[in-house]
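Listed below, chain by chain, are the residues.
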Amino acid sequence: MLPPPIAIRVATEWLAARARWQPLEVGFWIVAFAAIWLFPDRHLILTEIAWLGLFALSLDLILGYAGIISLGHAAFFGLGAYTAALLAKYEIINEPVLALLVAGLAAMALGFVTSFLVLRGSDLTRLMVTLGVALLLRELANRLGWLTGGADGLQGVSIKPVLGMFRFDMFGHTGYAYSLIVLFILFLIARRLVNSPFGLSLLSVKGNPLRASAIGISVDGRLIAIYTVAAGFAGIAGALLAQTTSFASLEVFSFDRSADLLLVLIIGGAGYLYGGLIGAIIFKFMQDYLSALTPQYWPFWIGLVLVVIVMVGRDRITSWTAPFRRIASHLNWRALARHVAASSSERR
Amino acid sequence: MAVALETINLVKRFSGIVASNNVSLQIAKGARHALIGPNGAGKTTLINLLTGVQRPTGGRILLDGEDITSLSTHERVRLGIVRTFQINQLFNDLTPLETIGLAVSERRGQGLDWWRIVGSRPDLVAEVVEILERFHLADVIDKRTAVLPYGKQRLLEIALAIACRPRVLLLDEPAAGVPEDERHEILAAVAALPADVTVLLIEHDMDIVFSFADRISVLVNGALFVEGSPEEVARDPRVKAVYLGEEVADA
Chain A
396 MLPPPIAIRV ATEWLAARAR WQPLEVGFWI VAFAAIWLFP DRHLILTEIA WLGLFALSLD
456 LILGYAGIIS LGHAAFFGLG AYTAALLAKY EIINEPVLAL LVAGLAAMAL GFVTSFLVLR
516 GSDLTRLMVT LGVALLLREL ANRLGWLTGG ADGLQGVSIK PVLGMFRFDM FGHTGYAYSL
576 IVLFILFLIA RRLVNSPFGL SLLSVKGNPL RASAIGISVD GRLIAIYTVA AGFAGIAGAL
636 LAQTTSFASL EVFSFDRSAD LLLVLIIGGA GYLYGGLIGA IIFKFMQDYL SALTPQYWPF
696 WIGLVLVVIV MVGRDRITSW TAPFRRIASH LNWRALARHV AASSSERR
Chain B
45 MAVALETINL VKRFSGIVAS NNVSLQIAKG ARHALIGPNG AGKTTLINLL TGVQRPTGGR
105 ILLDGEDITS LSTHERVRLG IVRTFQINQL FNDLTPLETI GLAVSERRGQ GLDWWRIVGS
165 RPDLVAEVVE ILERFHLADV IDKRTAVLPY GKQRLLEIAL AIACRPRVLL LDEPAAGVPE
225 DERHEILAAV AALPADVTVL LIEHDMDIVF SFADRISVLV NGALFVEGSP EEVARDPRVK
285 AVYLGEEVAD A
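Heads up: the sequence lines are chains A and B, in that order.
Start counting the first sequence at 396; every next residue gets the next number (my numbering).
Start counting the second sequence at 45; every next residue gets the next number (my numbering).
It should be emphasised that the hints constitute simulated quantities derived from the structure, not laboratory data.
Here a beta-carbon is modelled for each residue, glycine too, at the ideal position from N, C-alpha and C.
Incorrect hints may have been included.
[As the list claims (entries may be wrong)] To be clear about the criterion: a stretch of chain B counts as covered by chain A if any three or more of its residues have a C-beta under 8 Å from a C-beta of chain A, and this derived list gives those stretches: (1) 53–64; (2) 114–126; (3) 159–173; (4) 191–200.
[Claimed, not checked] Some but not every residue of chain A turned toward chain B, in silico, with C-beta under 10 Å: (5) Ala-411; (6) Gly-516; (7) Thr-520.
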């Protein structure tokens, strides 16, 4: 017995609405791209925001969508950064976009291997395991001084023009456009992914792994998959840093970097993709502004912000932006779908 | 008699305690089989063994004659052994539409599809809506599961299992905790389950058991105690003794 067509139409509309572009989103990207021409003197910090946003997007994929918390996401970021820097320094791959892809693949490989460590255990276990992996890699890079330059960092890296045409400049003009385009493409992929059946299954694994496996979902398989993908995103973010600064140092693996990243995502809110990007904008501008006022007090202010967000937000990692997002999402498609639903029930 | 699900000398020990003791159970294809027994008889352990949540200490489990003892939970679900839970295990942040959509797309093997948007397959949506309407959830398809009335959540619990298209359905106290006035809706849904689905019902409520089952197994202290038709079990003095004994002990 088939349900009435109108019921199917309403259901289809509801499901499609989950993935529909909202006006605020479109506005966000228009402003981001307009910044290429509007704020040429801010391109250096905007470049930093772009790769930090991508890095935070990567963490959002595992934390916001699959519930895996990490204090060692810099492991993948760092591997990507060193891969890109080494490829350029030894002129193995000269074209930056290609090197970016290789760096991403290297980070994915590391993500796949280490994903088996985060399958079991509590949040605390995962925090410690991920932290440990990042520390291990940092020490490894330190010991392999002949390759990585050790504590001095990798000097003498020169990055060739993007696609052989666009040369990196000291004002960050090319760097910003390049980073933003990479961020946008990876964002589109992430957006598809979270709105797909696979993305829905991640939410189910995060929400109730017991039931997820009881409806035929391989919980471990899904966690391995998303952890691997997210590692690739983080590796590309690291590669962007290395390429836009022509430098990689041990600091890319540092604990501070992983911890700051968690902070960025908490500031923006996890689980709706834009949290990492918004968090990166707020974090970087706040850092820029506050450390210009009083450099030594920057950690004080960021600590204060963290405490306020967590106390006000009550629910640890859900976002303080939720009310705004709810308003935003009511602006268009929900109203539309309600309208369709209402008119259909009248007709019955 | 064609057998859908069978256990052979199934044993489960937890550090000295025998939770399942040589259980050899046969469930016929299309049966409405009930599993009863006093508290602590090992009903939950048996369900966990059948669904692969726990591994048996000894013995084998066969589905349509195939040994599935070593398969994991999700692999058994793909083969058609699906359960519901006595205490709701739902996805609180998802809507019923998303929940059933998820189960149907997983059953169709599209769970790893990361490019297509959920709901872009019309035949899938049609099936999802059909299931939601059958379980009286059409009016709440876009409410978060967490805010649904308890009776609706109970229906969703069963609908979610049905969306996996089970060959053998393990129903763990489907009406547990449902208020009296919503109870009939759950029981009607259970009674209306497709006839070709084999059902094993775990239940405390004897009214439900005797109105639903065509065969009853009684589990006591982890072992199969009595098995027979409802009439036989109702007449059996040993069963009465077990239940009366329990009531005396409770009082």
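Okay, the hints, checked on the actual structure:
1. 53–64: The restraint on the region 53–64 of chain B is violated, since only 0 of its residues have a Cβ under 8 Å from chain A and three are required.
2. 114–126: Check passed, 6 qualifying residues.
3. 159–173: Since three or more residues must qualify, the claim that chain A covers the region 159–173 of chain B holds, with 11 doing so at under 8 Å.
4. 191–200: violated (count 0)
5. Ala-411: Status holds, d = 6 Å.
6. Gly-516: Hint violated; A/Gly-516 Cβ to chain B Cβ min 18 Å, cut 10 Å.
7. Thr-520: Since chain B brings no Cβ nearer than about 21 Å to A/Thr-520, farther than 10 Å, the hint is violated.
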